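All residue numbers for the sequence shown refer to our numbering, where the first residue is 123 and numbers rise by one.
The hints are simulated quantities; they were obtained by calculation from the structure and are not laboratory data. Given the structure is predicted, the values throughout are model-derived calculations rather than measurements. Incorrect hints may appear among the rest.
With a cut-off of at most 16 Å between alpha-carbon atoms, the simulated EDC-like pairs for lysine to aspartate or glutamate come out as follows [unchecked claim]:
hint : residue 1 : residue 2
1    : K221      : E347
2    : K279      : D623
3    : K219      : D518
4    : K279      : D619
Across the chosen pairs, the derived CB separations fall in these ranges [to be verified]:
hint : residue 1 : residue 2 : range
5    : G503      : Q161      : 29 to 35 Å
6    : Q453      : E347      : 46 to 52 Å
7    : A618      : D289      : 26 to 32 Å
8    : A353      : S463      : 39 to 45 Å
9    : R356      : A573      : 49 to 55 Å
10   : A573      : A281      : 37 to 43 Å
11   : Y425      : E295      : 33 to 39 Å
12   : V306      : R589      : 33 to 39 Å
Here a beta-carbon is modelled for each residue, glycine too, at the ideal position from N, C-alpha and C.
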Amino acid sequence: MMFDWTNPYPSVRLPVFARNAVATSQPLAAQAGLRMLAQGGNAVDAAIAAAATLAIVEPVSNGLGADCFAIVWDGARLHGLNASGPAPARWSIDYFKRKHPGGIPMRGWDSVTVPGAVAGWVALHGRFGRLDLDTVLAPAQEYAERGYAVTPVVQHKWAAQVDALQDQPGYAEHFLPDGHAPRVGQRVSLPDAARTLARIARSAGRDFYEGETAHKLVAHAQAHEAALTLADLRDFQPEWVEPLGQDYRGHTLYQLPPNGQGMAALIALGILQHFELAQRPVDHPETQHIMLEAMKLAFADVYAHVADPAHMRVAPAQLLDPAYLAERARQIDLRRARIFSPGQAPQGGTVYLTTADRHGMMVSFIQSNYMGFGSGVVVPGTGVSLQNRGHAFSTDSAHPNAVAGGKRPFHTIIPALLMRDGAPQMSFGVMGGNMQPQGHVQTLVRMLDYAQQPQAACDAPRWKWNRGLSVDAECALCPAVVDGLRARGHLLERIADPCTDFGSGQFIWRLGDPGVDGYVAASDSRRDGLAAGF
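All chains, please: the whole structure from these sequences, using the hints.
Structure below.
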C-alpha cells in the first residue's frame, strides 16, 4: 500500500515507525507494553500489560471488573477470544419486572454481569504469553500502589461522571479522593487494586473467580440484594472463537462473531463494495452520504438480530451473504437519507489497544466497563470497579437479546484485524459505543480507497449516526459536506465538545517484514493516547 504520507487534517501527532509497536489511549499503558517487549516478551505480553495498566490509569473507561475481547495473529493464523461474561444465573425477565418495573437499570449491582477481563488476560497469557504473569502485571500494580498523575482527557471524563455515580456503593470511597474528581496532574493511587492485582498474579487469575476477591465480590453483591453468586464467577470461562471476514478492496477485514457488534462493520463494507467511492473525493457529501447510509443499513440488521450466538435466529453468514448485501446496497438513494428496517436475510467508555512485535505477532485488544465507570459499583477492599453490561439486555421476550441467566448480552466493543493475501496488514480499533463500527468503516475507507496514512485517517473529522435520521458530526467536518448531508435529509448536528465520543482509534500497519521493515503506528488525538515503539 503506497500511502500519501501528508496529513490534510490538523494534528498534534505524527505516525510512529518501529519494529516493535504499541498504541493505546493512555501513555503510561503504551510504555508498560513497551517494557514487556524490551524484556523479551511478545505482543501478547505487551497487550496484557497495557490492558492491566489501563484498568488503573484510565478508570473512567475500564477497570478490573471489565470485559474484554481480542484477535491475535500468532505468526501463522488468527485466534479470536471472547471474554465477555454472562448474566448471573438468577436473572430473568421476571426478575427485573419484579425488582425494576422500569427496565434493566443503567447503574448499580443489577446492571452487572460476570466480569470477564481478568479471565481474558489469563487465557491470552496461557496460550501465547512468554513472560511470567507477575512480570506482565507489574506495571499496573506499581501504578496502583505508587500512584500516577491524572491526564487531561481522563480528568474531563472523570469529572463528567461524578454526579451520576457518587451515590453508588464504594464509588466515592475509591474514586473521589478529596470528595471530588481529581485535578489534571493530581496523583491518584488505588492500593486495594494493587493488592488485587498481586493476588491475580499469584493465582493465575483464579483468585478473582473463586478466591479472596471472588468472596468479597459476592458478599458485597448479597449485601445489596443482587443476584451474583460464587458459582456464577467460578463457572465462567472465556471462549476461543473463529473471527469472521469480509473482503474489501483487496483486503479482508476480520471481526469477532456475535455477541458483539463487529458484524455492523462487515455488513457496511460488504454494501460499500458496490460503490466506486474513489471516483469522488473522500471529503465529498456524496461519499460521506453513501457511507452513512451503509452504516444505517448495517445497524438495522445488527440491532434486530445480534445477540448471544446460541440465541440468534439469523446466522452471521446469512447477514454476510453477497447477494443479500448487494440487495441492501440497492436500497441506498444517492439523493436522500432514509430510515431503514431490518432486511429479510437469506435463510440457512471503552479502551482499545494494539501491539505488534518484530517476530510478526499482532494483537488487537479491547476492554470496557461499557458506560464510563460502568455500574458505578466499586467493591470495598478490592479496587474492582464493575461494568454495567447487563443494561444492554432487552426485556422483550421476543427479542434474541432478551435477558436470561447464563446468557451473554449484546456487546459494543469490537477489536479488528485487517488481512491481505493471507498475512496480517493492520491491527486496529476505534472505541466508543456504537461509534466503533462506524469508526472502523470511516477510517478503513480513508486508508484503502483514498490511501490516507493511518495517522491522517485517525485525525480526519468523523460523523456518528445515532438513530433515525439523526447524525452528530465534529465541527472540523468540511462545511460543504455538512451542507450536502443536510440537503440530503440528514438531521445533522455539529458538536463542538472535543471529548464527545466520536471514537478513539489506535492503529498498527505492517510495512513489510516485521523484523526488517517494521510497522507504522498511529494514536487518536481525541484521547491522551500514545503510539510508541523501538
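Going through the hints against the structure:
For the hint pairing K221 with E347, the CA-to-CA distance comes to about 10 Å; that is within 16 Å, so the pair holds. At most 16 Å may separate the alpha-carbon atoms for a hinted pair to count; K279 and D623 meet this at roughly 10 Å. Distance check on the hinted pair: K219 and D518 sit about 11 Å apart at the alpha-carbon level, within 16 Å; holds. Taking the CA atoms of K279 and D619, the gap is about 12 Å. The hint holds against a cut of 16 Å.
Distance hint check for G503 and Q161: the Cβ-Cβ separation is about 31 Å, which falls inside the suggested range of 29 to 35 Å. Hint check: Q453 to E347, Cβ distance near 48 Å, so the stated range 46 to 52 Å holds. Separated by about 30 Å at the C-beta atoms, A618 and D289 satisfy the suggested range of 26 to 32 Å. Between A353 and S463, the C-beta spacing of about 41 Å keeps the proposed range 39 to 45 Å intact.
Between R356 and A573 the Cβ separation comes to about 51 Å, which falls inside the hinted range of 49 to 55 Å. Between A573 and A281 the beta carbon distance is about 40 Å. The supplied range of 37 to 43 Å therefore holds. As the Cβ distance of Y425 to E295 is approximately 37 Å, the hint placing it in 33 to 39 Å holds. One distance hint, 33 to 39 Å for the beta-carbon pair V306 and R589, holds here, with the actual separation near 34 Å.
Hint compliance for this structure: every hint is met.
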